[in-house]
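Chemist: Listed below, chain by chain, are the residues.
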Amino acid sequence: NAGVMQNPRHLVRRRGQEARLRCSPMKGHSHVYWYRQLPEEGLKFMVYLQKENIIDESGMPKERFSAEFPKEGPSILRIQQVVRGDSAAYFCASSPMGQGHGYTFGSGTRLTVV
Amino acid sequence: GIQVEQSPPDLILQEGANSTLRCNFSDSVNNLQWFHQNPWGQLINLFYIPSGTKQNGRLSATTVATERYSLLYISSSQTTDSGVYFCAVEWGEDAGGTSYGKLTFGQGTILTVHP
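Same order as they appear, the protein sequences are chains A and B.
Using my numbering, the first residue of the first sequence is number 404, and each one after it goes up by one.
Using my numbering, the first residue of the second sequence is number 14, and each one after it goes up by one.
Simulated from the structure, these hints should not be mistaken for laboratory data.
Possibly wrong hints are sitting among the right ones.
Claimed, not checked - Here are the simulated DSS-like pairs of lysine-lysine, each with C-alpha atoms no more than 30 Å apart in a straight line:
no., chain 1, residue 1, chain 2, residue 2
1, A, LYS454, A, LYS465
2, A, LYS430, B, LYS67
3, B, LYS67, A, LYS447
As the list claims (entries may be wrong) - Partner residues aside, some chain A positions facing chain B, computed with beta carbon under 10 Å:
no., residue
4, GLY431
5, TYR438
6, ASP459
7, GLY462
8, PHE468
9, TYR506
10, SER510
11, GLY511
12, THR515
13, VAL517
Positions of the beta carbon are idealized from the N, C-alpha and C atoms, including for glycine.
Taking the hints into account, I'd like the entire structure generated from these sequences.
Modeler: Written as C-alpha cells, this is what we have:
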C-alpha cells in the first residue's frame, strides 16, 4: 500500500498561470480532504470530496479554486490565475469511512508563485 | 466555529528531557488527533484519541473530553522528535447527523531538541 500519493511535490508557477495538484488516496479510501498550510501557520480545511461529489467546500476561496474527485483517477485541486498569496503547502488526506479514524496525509505539494 | 489552542508555541529541550504539550478546545468534539510534522514537512499521525489515555513507545497522550483538553507527553526526547506538533479536532455533523472527518487544527507547538 503506497499511502496517499500527491504530485508534484514542488510546483512553481508564474502569476496568472494555472496550478493543478493531484492526490491519489490510499487503496480502499473513498473520502478525500484538502488542506492548505500557509507559511508559519497551521493547516486549514479547504474541501471534502467523495467520488464524483463535493460534500463540503466551506474552506475553499470563492474564486479561482476548484476541486474534483472523478470516478476514475486522482482528486484534483485546481487554482486558476495564481497569485503570490497562493504560495503554500497543500496537503491531501484520505480516510476509509469519512471519519477521523484512519486519516492519512500525503506528503504535500509545495506551491510557489513567482 | 471551534477554537483550538496549543501551548506552548515553542519549546526547546536537551536530548533526554521530558515534555508536555497541551491542546485546549472550545466545544465538544467527536474526535481528537495529534500529528507530528517533521522538518521535511511530512505529517505523521501520532494518536487518534477522542478520550482516555494511549501510549506508543516514548509518546503518550491523554484526552479529558469533559474538560476540553488533551495532553501529549514526550519522554526521553531525541533529536528526531524535533518538528511541529499539531492537535486537530473533528467536530460538528453534516445534515444527516454524521461526523465526516473535517479537522480543525491548532497553531502547533514547535519543538526543537538539541543533542
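Chemist: It remains to establish, for every hint, whether it holds in the given structure.
Modeler: A quick look at each hint next to the structure:
1. A/LYS454 - A/LYS465: Holds, at roughly 22 Å.
2. A/LYS430 - B/LYS67: holds, 27 Å
3. B/LYS67 - A/LYS447: holds, 26 Å
4. GLY431: violated, 15 Å
5. TYR438: OK, holds: A/TYR438 within 10 Å of chain B, min 8 Å.
6. ASP459: holds, 6 Å
7. GLY462: Status holds, d = 8 Å.
8. PHE468: With a minimum Cβ separation of about 17 Å from chain B (threshold 10 Å), the hint on A/PHE468 is violated.
9. TYR506: Given a least distance of 6 Å, the restraint on A/TYR506 holds.
10. SER510: OK, holds: A/SER510 within 10 Å of chain B, min 5 Å.
11. GLY511: Check passed: Cβ of A/GLY511 comes within 6 Å of chain B, closer than 10 Å.
12. THR515: violated, 13 Å
13. VAL517: violated, 20 Å
In this structure, the earlier hints numbered 4, 8, 12 and 13 are contradicted, and the remaining ones agree with it.
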